[in-house]
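Visitor: Here the protein sequences come in this chain order: D and A.
Start counting the first sequence at 179; every next residue gets the next number (my numbering).
Start counting the second sequence at 179; every next residue gets the next number (my numbering).
Just to be clear, a hint being listed does not mean it is correct.
Put simply, identical chains are the same to the list, so a pair is met inside one copy or across any two.
Claimed, not checked - Each computed DSS-like pair below joins lysine-lysine, with the alpha-carbon atoms no more than 27 Å apart: (1) K603 to K286; (2) K504 to K301; (3) K301 to K381; (4) K599 to K381; (5) K301 to K599; (6) K286 to K599; (7) K671 to K603; (8) K286 to K671; (9) K671 to K599.
Keep in mind the hints are simulated off the structure, nothing from the lab.
Residues per chain, in single letters:
There are 2 protein chains.
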Amino acid sequence: MTTDAAAPARPEARNPRGFADRRGRDLIAERRLVQRVSEVYERWGFEPLETGAFEYADALGKFLPDADRPNEGVFALQDDDDQWMALRYDLTAPLARFAAQGWETLPKPFRRYAFGPVWRNEKPGPGRFREFVQCDADTVGSDRPEADAEIIAMACEGLRAAGLDAGQAVVRVSNRKLFDGLFQAGGIEDAGQRLTALRAIDKFDRLGWEGVAALLGEGRLDDSGDYTRGARLPAGVIATIEGFLSSVADEGLTRAGTLDAVARVGGLGEIGEAALTELAAIDAALNAMKVSQDAVRFDPTIVRGLEYYTGAVFEAELLLDTVDDKGRAVRFGSIGGGGRYDDLVARFTGERLPATGFSFGVSRLASALRAAGRGDEDAVRGPVVVIVFSDADMQHYLDAVSELRNAGVAAELYLGRAGMKAQMKYADRRGAPAAVILGGDEIAAGQVTVKDLDAGRALAAGVSDNEAWKSERPGQQIVPRSELVATVARIVKQARTAS
Amino acid sequence: MTTDAAAPARPEARNPRGFADRRGRDLIAERRLVQRVSEVYERWGFEPLETGAFEYADALGKFLPDADRPNEGVFALQDDDDQWMALRYDLTAPLARFAAQGWETLPKPFRRYAFGPVWRNEKPGPGRFREFVQCDADTVGSDRPEADAEIIAMACEGLRAAGLDAGQAVVRVSNRKLFDGLFQAGGIEDAGQRLTALRAIDKFDRLGWEGVAALLGEGRLDDSGDYTRGARLPAGVIATIEGFLSSVADEGLTRAGTLDAVARVGGLGEIGEAALTELAAIDAALNAMKVSQDAVRFDPTIVRGLEYYTGAVFEAELLLDTVDDKGRAVRFGSIGGGGRYDDLVARFTGERLPATGFSFGVSRLASALRAAGRGDEDAVRGPVVVIVFSDADMQHYLDAVSELRNAGVAAELYLGRAGMKAQMKYADRRGAPAAVILGGDEIAAGQVTVKDLDAGRALAAGVSDNEAWKSERPGQQIVPRSELVATVARIVKQARTAS
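Isolated chain D (complex conformation) (with noise of 0.2 Å):
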């Protein structure tokens, strides 16, 4: 076989737009993220659950998340069988597929949880992909407040494995039918003017009363001379929807000072009043779970952006400050959010099934914990590199790596064909604790020179004169070959607790 260097057009070596590679430290930090939440479901008794990466278009429906047009933003092509095929946008719409298509058989209710990537064709740009990784957890089947809750305080304890502590997050609880029930009383019954107030309502956190009030009445002027057309709500129900806001805004209430907050405002109808026993049901389980009440918050400000939410909504969010590459400070915000949506299954049965769930993205989580200091890439080391002298001895480098391997130490023989220095380079860009020099007069004497690399860093960086960091040999030893598990043992652990 020949190269094809005289070939007359070489594809350029790049990634699809809005694709990204990860590896290395990020990417372990991220697997270690899941595992530790899926230790944490598994032990809540929700089952893994994989599905294929395509669906049928018509399965997949047009609940894209975040978008109100059908069938966009999906990556799709034709079957030879002329069906059309998308790939997943989200976990939730397979979910409800699969729960369709097998309800007879599975054990109901439902739990699984599942991760993997999911694909969106939009726009790419900084930090914004076009696949990432989610990770859900669903319980479809049961109309029990309780599988609420459950779904709750199991993200809770997700969160607590992935590396927050307490008070580093919450999770803030609404019900979507609080508004249905004020709208309903209100008697706004059109759903483009409802969908219009929900977002306005969205917005509260960001823009306060008096913008959340323009985008419920005529519209609203923003600073950039942006007109946005408001819901144009009665004046009565803008002010029901006030009281109801500021009753809330005492951050200081339990979740059951919440609900007698809202219950007080009155003006929820029957839907809204059932709210209200939903809420209540979910605290008393959530209490029963021993959840804090810091750790869950009722805030009725939540109502999440997506359509097909019917009851319950969950939002969890960032409380750290945290600061990006530069040392800016940045608000996280939410990194993860869920809710009650009893309509999914019913677009292919016609009838309704209860489920709830929650949803995070992993990357994005990842990057939170590590902007909040709590992610452990750090502690990710590179294997210890063994030396490569001389093809000759082959056999001593080869002992040395198998001796380490098969005592748990992760180690490596020096592949390529450079000399010492580019090696020991080598080690230190492969995030190595140590080096192992095995050279002839070692060999001979029956001894190995291991290398602590980041005892030698320390020590070089305090050492000003190079001919004295030469002649020093920071951090280097020479030790009986008996001794070299052992030795190198001792340096793998001291490096780990270090970082």
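Model the placement of chain A on the given structure of chain D, informed by the hints.
Guide: Just chain A, lined up with the frame of chain D:
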């Protein structure tokens, strides 16, 4: 919101053709397999890499294994900037793109492992999917035979970690240049003729020498009456190949013995002799790593169907006699393979970059392990189920579930609305080792009933009289409430040991 029950057409809930859902025990078994192999690969110094699902079609190239046709067999679509993208069909092509793209900044040699789905747009059939999970390990940038030996030895240790004992699998190794040399020495320059000849030799295992000889010569009429045109090699070259293959029929030969036998046949030319030297160096490294003669054999009939291999080639074969679901004997044959490919990165850069790797199909290996009775899916049990009687006692049920989870026992509360009998059936279908019963009487007496479901099944099987079974309540015990966790933990531990 209303359901779309009245909508004209509801989509049918179905998987796209050739795409499967995987869940529960099988999925857990596959993940454990990948986890165990990953631990080995990381201990050997291979770092994880995940590339995106899509590659640009030109970057993906026409190296689809087992298909000589360019750009066929992939799922491709045109991006909105008119560039064609395709889902990866293996993990090697994306690695070549990644290595070419970032070569300057990577530690060299670059070792990486990867696992994830790959997609092939082929006709689906029973057991033949269009999406499946592969697991690969490759070293890019080392021309050393020790790099091949390392991949081979690591593949052996990976298979061992996955659950195959010594003697249950063998990695057969050869070198494509043996035949390159033989062809060159025999004056066979035509690439098509060479490929046809290699394909014939690849069938030695199945057809024996007579069939292969026909395919190396004019052609072969098989039992079904189909005629396959042969490579039409000169008789002298065919005779050399015969001596070559027959010299290695002795399964008792060591790796060094096989090399000697091949060398004695002669006619290998300069390139073939170089191949023998490479294999001898691989043997030396395997011996240094204490890889037994049974675990890795040299076998010149191994050619691998792929066009892109340029040196050493490996094939991992399951040696176990396995049975299928119906108890019929199954020959699994190849469960993975790989080799040296020095031209893949050159597609992008014009410069040869040495590379070597090993790949296996995760589901296929899991099936092999299952068929060989080595799968441990049976050890994967469902959660303990806490039965629900009355909403008023919810606090008691939730307490029990929390206590069990906090003790590390997977547990769940039944969250449907069915009665006791249906709940016990549910627990059974979930594979629960135990059910926890907290009726009003138990709660009042400060007690709890724990049902050992395995013991219950076993006892029930031995009791013919249904009335007796009911009265004896097999496997059921009433203990003080304070002993719940200890009692359940004991049952769960027994269930794990027994299965």
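Visitor: Which numbered hints turn out to be false for this structure?
Guide: 4 and 5
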